[in-house]
Amino acid sequence: MTLDAVPIGRTAVIEHVGGEGDIRLRLLDMGVIPKTEITLTRTAPLGDPIEVRLRGYTLTLRKEDAKNVEVTVL
Amino acid sequence: MRFALVGNPNCGKTTLFNQFTGSNQHVGNFPGVTVSIKTGKIRSRANCTVVDLPGIYSLRPYAADEILARDFIINEKPDCIINIVDATNIERNLYLTLQLIHMQTPVVLALNMMDEMRSNGGSVDTAKLSELLGIPVVPISAAKNQGVGELAEIAYETAARHIRPKISDFCPPGPVHRCIHSVTHVVEDHAERQGISPRYAALCVIEGIEDITKSLALDENEYELCEHSVLEMERETGLDRYAAIADMRYTYIESACARAVKRPEESQEHIRSRRIDNILTHRTFAIPVFLCIMLAIFYLTFDVIGAWLSDLMAFGIDQAAALVDRGLTAYGINPVVQSLVIDGVFGGVGNVLSFLPIIVVLFFFLSMLEDTGYMARVAFVMDKILRKIGLSGRSIVPLLIGFGCTVPAVMATRTLSSDRDRRMTIFITPFMSCSAKIPVYSMLVAAFFPRYRGLVMTAMYVAGMVAGVVFALVSKKFVFHGNPIPFVMELPNYRMPSMKTTLLLMWEKAEDFFHRAFSVIFVATIVIWFLQTFDIRLDVVTNNEQSILARVGGAIAPVFGALGFADWRISTALITGFMAKEAVVSTLSVLVGKLEIISLLTPVSAAAFLVFVLLYTPCVAAVAAIRRELSSTWKAGFFVVLQCAIAWVCGAVVYQVGSLLF
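Same order as they appear, the protein sequences are chains L and X. Whatever position you read off the first sequence (first residue = 1), add 119 for our numbering. Whatever position you read off the second sequence (first residue = 1), add 1343 for our numbering.
The following block holds chain L by itself, in its conformation from the complex (with noise of 0.2 Å):
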């Protein structure tokens, strides 16, 4: 499952950060990387983009960079 499929309120476990260029350095960096326990905390009230929380902080990304990251619900 990817990251954006995630229902809201779940948590999850990173598997794998996948994409390219500026946007996944720019993930591994903020701590998005694989293990990493990973909530759906709400989206947007247009959809896009999500917020998540991790790390005991609180990100937002878009849906189309969720797409890249690979996760397992818990």
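Everything hinted at is true.
Under 10 Å between C-beta atoms, here's a sample of chain X residues computed to sit facing chain L:
no.: 1; residue: 1405
no.: 2; residue: 1594
no.: 3; residue: 1627
no.: 4; residue: 1629
no.: 5; residue: 1630
no.: 6; residue: 1726
no.: 7; residue: 1831
no.: 8; residue: 1832
Since the hints were derived computationally from the structure, they do not count as laboratory data. Don't be surprised by glycine CBs; every beta carbon is placed ideally from N, CA and C.
Chain L is already provided as a structure; the job is to place chain X on it using the hints.
What follows is chain X alone, placed relative to chain L:
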């Protein structure tokens, strides 16, 4: 002694800087980039200055912010880095810390928001953390000014004794360790020649940081050796190089935090933020609430406070002008000199000052939006719309301010993190019809379309937005090729803004505008005064028709033939509109008389005129702001010409098509 302040965005860096320096700070620009950096003297310690570097999450050179911070550390060699870390968000903040430690410059860690951490039942064993990171750790609360003096002392000590971080190796034995070790071995001599730490250089090679790698000047053989080690690491860990290094850093941070940090359950601040967000980013209410907030800011800025301050200032200037006027009359001075002083000098100063109240008040509100954390939510809510024209959610605020006044709107683009987004937003902002154009619309609508007042007014605003969107789409395709900076953004907890920070920002913006715009606006006012006052033989004119300005107007009038208003009076009014849009109305009234304008234009050419006024060059103050933010006179000039051309084409289309239809 010089310290560099480095930290993530939203970690209280600006607050700490303001506590260190008070109002004793200086904003400068780095050559070649639009990122401004602040320098200030530390109040509690003599002969110490602190440089506030941009807020960054990582030293990886994504954009101007990161490159500036990294190059400052490498090239300017600050005596000590003060790395400010948000204790409530310690894991992600320490990521940058580890990168800084790798650079082997003296570092002191300022653990901010410790009060918030403690009040939520968390704690940090600072001695343990200091031991695990090999650098001094000082708990502080920047907002409450706790521990700031002590921090300065420890930074001073660390710098004076040049104490480098005691640890530089953060990975346990294993494939990553082996790789870093062997690459470090290869690049060591090269790095030392460049004056950078070998381990940092090795990580740059592994992580593919091109400019640093190139500066090492490795030969092909050495490069192959490094690449071989990296490939082996990738094979053994099953991760690519970027993920493996990020994983190495976070693994160390996690183990260090497990030993030194007791995390609070869920903090009060986060619970509160979640509640506020339930309304402010609510599925249905978010956008209406945002628009209401913007409307309230507009109303307060332009109608209530700004208007009051503007009137007050205008009153002051008028009084001063009247006083000087009487004095000069009594002295019996040459009337031309008198006109220069009263109409030129006082007019110019008045024109500059008339923008100040708006800038100050608007930036008060903008600073509130930014510091409370609401601006990040706005970006979150509006991103999907803005993305369609190649921007991100953050650009919405400058664009909306453009409806009030282009000058602060352009200045507000400074907070956009990407250079590309910033330039693109600056170029689109002038298409948003600013409030100074309303009198022009009103006059023409009253004369030509009295029955369709609301409709025409709305059409003007819509037309401006459509032009902006089209311009954005075209420029996205042909000018701003680069990918937009990825939209990965932190949503910080809502916080009470600090009054000190807000007031300092207002002062900074006012000063900035005054410094940069004064000369441009002042000179332009004097030039227009000169052109209006003299005829081509430099005699003082008695009849407006003979002034140089009227001649210039007459000379360019034929250009507007295709738009249906090749009349020197209209082109003259358009020239004075460059000073301030309202001036179009006053010039036309003087030259034509309000009623006779009907004889000058037909409804179709009036429509073309409206479109031209909507789209043609922003006023001189806005151009000065654009020039400042783009730091290029040439680009600003080009933009003025481009806008006039766009306005001309659109006006011509309206007139030609309109003439066929009606």
